[in-house]
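Colleague: With chain Z fixed as given, assemble chain Y onto it according to the hints.
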Amino acid sequence: AQSVSQHNHHVILSEAASLELGCNYSYGGTVNLFWYVQYPGQHLQLLLKYFSGDPLVKGIKGFEAEFIKSKFSFNLRKPSVQWSDTAEYFCAVTDDKIIFGKGTRLHILP
Amino acid sequence: GAVVSQHPSRVICKSGTSVKIECRSLDFQATTMFWYRQFPKKSLMLMATSNEGSKATYEQGVEKDKFLINHASLTLSTLTVTSAHPEDSSFYICSAATSGRYEQYFGPGTRLTVT
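Residue numbers (our numbering), protein chains in the order written: chain Z, 7 to 116; chain Y, 199 to 313.
With the rest of the complex left out, here is chain Z (with noise of 0.2 Å):
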């Protein structure tokens, strides 16, 4: 069965810090992937996805994702981060079902 991990749980990060999140999925055939944001008190939104073509997939407000089939990652990047990034940030992936990652909760000091 399909799986998807994120490393870390929680990131606390101060304001202009570069950031990468971890995420690997258990899957061997073709997958579609994704990144939602989900900021406090809002529903989950669409970061950026990948479906095929260039591996490094750019998202709104800054953000970037670079799928390596070789090693199942699907990690997202920020060069320089916001106090508005604070948010939770989770990884999915599609083949017949979406299956998400638990989520990691990012932290911003101003």
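Please note: incorrect hints may appear among the correct ones.
[What the hints assert, rightly or not] With beta-carbon atoms standing in for the labels, derived distance ranges:
#, chain 1, residue 1, chain 2, residue 2, range
1, Y, Thr-313, Z, Pro-61, 46 to 54 Å
2, Y, Ile-210, Z, Tyr-33, 35 to 43 Å
3, Z, Glu-70, Y, Gln-227, 29 to 37 Å
4, Z, Lys-103, Y, Ser-213, 25 to 33 Å
[Stated by the list, open to error] Every beta carbon over 12 Å from chain Y, so not counted as near; a handful from chain Z, in silico:
#, residue
5, Leu-50
6, Lys-55
7, Pro-61
Simulated from the structure, these hints should not be mistaken for laboratory data. We treat Cβ as the ideally placed atom computed from N, Cα and C, and that holds for glycine.
Modeller: For chain Y alone, kept in the frame of chain Z given last:
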């Protein structure tokens, strides 16, 4: 665009009663809607997938007689928690997709508390 609403946002009910939660796609037609349950400090758990006009497909371990799902139109799906118990207290989230399940738009969620 692609806005999904849920109603109510918060509900408190007594044990043994039933509660209905609505999920609406406001500006698009959703061929498929999904219901999730989010546990504290845990991921979203897919409960069921519903396609308009047909019976919902439930995930393993989800009681279909307890969690009744109706997808009566392309813009509305309802989840009814029947004979609710305190262990059903949770955050329920719906999402809607226009084609397949590859891109879902999420509702804001409904916090259910069963006393």
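Colleague: With reference to the structure, classify each hint as holding or not holding.
Modeller: For each hint, the structure was consulted:
no. : hint                               : verdict
1   : Y:Thr-313 to Z:Pro-61: 46 to 54 Å  : 50 Å, holds
2   : Y:Ile-210 to Z:Tyr-33: 35 to 43 Å  : 40 Å, holds
3   : Z:Glu-70 to Y:Gln-227: 29 to 37 Å  : 32 Å, holds
4   : Z:Lys-103 to Y:Ser-213: 25 to 33 Å : 31 Å, holds
5   : Leu-50                             : 4 Å, violated
6   : Lys-55                             : 7 Å, violated
7   : Pro-61                             : 17 Å, holds
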